[in-house]
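Starting from two chains that each stand alone, build the complex the way the hints lay out.
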Amino acid sequence: LAKTTQPISMDSYEGQEVNITCSHNNIATNDYITWYQQFPSQGPRFIIQGYKTKVTNEVASLFIPADRKSSTLSLPRVSLSDTAVYYCLVGGGQYSGAGSYQLTFGKGTKLSVIP
Amino acid sequence: DAGVTQSPTHLIKTRGQQVTLRCSPKSGHDTVSWYQQALGQGPQFIFQYYEEEERQRGNFPDRFSGHQFPNYSSELNVNALLLGDSALYLCASSARVRGNTIYFGEGSWLTVV
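The listed protein sequences derive, respectively, from chains A and B. Heads up, the first sequence is in this note's numbering, so the first residue is 72 and it goes up one at a time. Heads up, the second sequence is in this note's numbering, so the first residue is 6 and it goes up one at a time.
A couple of the hints might just be wrong.
[As the list claims (entries may be wrong)] Chain B is faced by these chain A residues, among others (derived, beta-carbon under 10 Å):
1. Q120
2. L160
3. G162
Worth flagging that the hints you see were computed from the coordinates, not collected in a lab. C-beta atoms are modelled at their ideal positions from N, C-alpha and C, and glycine is treated no differently.
So here's chain B without its partners, still in its complex pose (with noise of 0.2 Å):
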């Protein structure tokens, strides 16, 4: 059983930038959030997708926006880069139910040069 996986792995891009990246959810899963990591810090929400639309944002600016596929994957979408966006982009999925746990990806490490 495959577990969330994310890619790429690691990526480089220069500032103004757009990226994508890209998330498959365990299996069984329906949920999939996105957070975001920097250097030194615990992980912070993006935003969380169910049934393909956007159901619970953190507090991050419009240049963040994601989708959500039938098949429940997902990608994170980042338009014009800045150089503070260089962090650890984690995946995590989950099913709808009460206390399921979360699981998390290995993470998609995007450098903004």
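Isolated chain A (complex conformation) (with noise of 0.2 Å):
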């Protein structure tokens, strides 16, 4: 399974952008990256997914070079309710008959946003 790296932790002021970068210098060639939010006493919340190049959607952007080593969650004008922990995680490449795959959390990044 592939290990993932992030910061421990961040702050950030409210309405700036936040960029958490992972790395993952044994991602599979099929697996995917996906970063998850999780708030205390909640389960992780899907933010975005991506395989290479750069994804958006609504609440975030996700930048990955095209050798996939890392990758790098953007959340532009971060607000107070954005404090939360942020977890990279990679897989979900491929299926097989005698199973699927799991998830391997690290411990995350935890993201302080101040007023």
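Shown next, in the form of structure tokens:
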């Protein structure tokens, strides 16, 4: 299972753009990169998923360089409600009859948004 | 479209007892996974069910068992509860296609006293 490394914590002021970078040096060819947001005592919430280049949705952008050994989650103009733990995960590239992929969570990045 | 639903949301059990947690996957999903999340830690994979069979298992003892029903819903059973089993138990569902996103429920908080 591909291992990810991301900063333990980050602070940002309200209204700023936040970029969280994750390294995944041994990502498999077929693996996808997925980011989740988790508030205390709640389940992880899907933010964005990508395979290569750039993906954008209504809440975030995901930048993936050509070598796919890292990825950057970009949150535009954060607010206090974006204070949460953000997890970067890789996997989901293939399913087999005997099993499927599991998500391996690290400690995530605790983002604190300051007024 | 309902997402992943779990029940109960909170429960308290005594050491040595048994507990059953329930999960209904997101509509269109056929694969269910269970995760345990201790306070301050990331979720840890327990096992995954597909076609009513356990397909993968993480590093959890046999006290943890599960079941998947024909309608894809699932149960997690934990026997002989220990104080260390106190955690948030998360159910996640997905469809068995490449690149399909895994969605999580809000979890069941288990406290063992």
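Evaluation of the provided hints:
1. Q120: holds (6 Å)
2. L160: At about 9 Å, which falls below the 10 Å cut-off, the nearest Cβ of chain B leaves the hint on A:L160 intact, so it holds.
3. G162: holds (9 Å)
Violation of the numbered hints given earlier is absent; every hint is satisfied by the structure.
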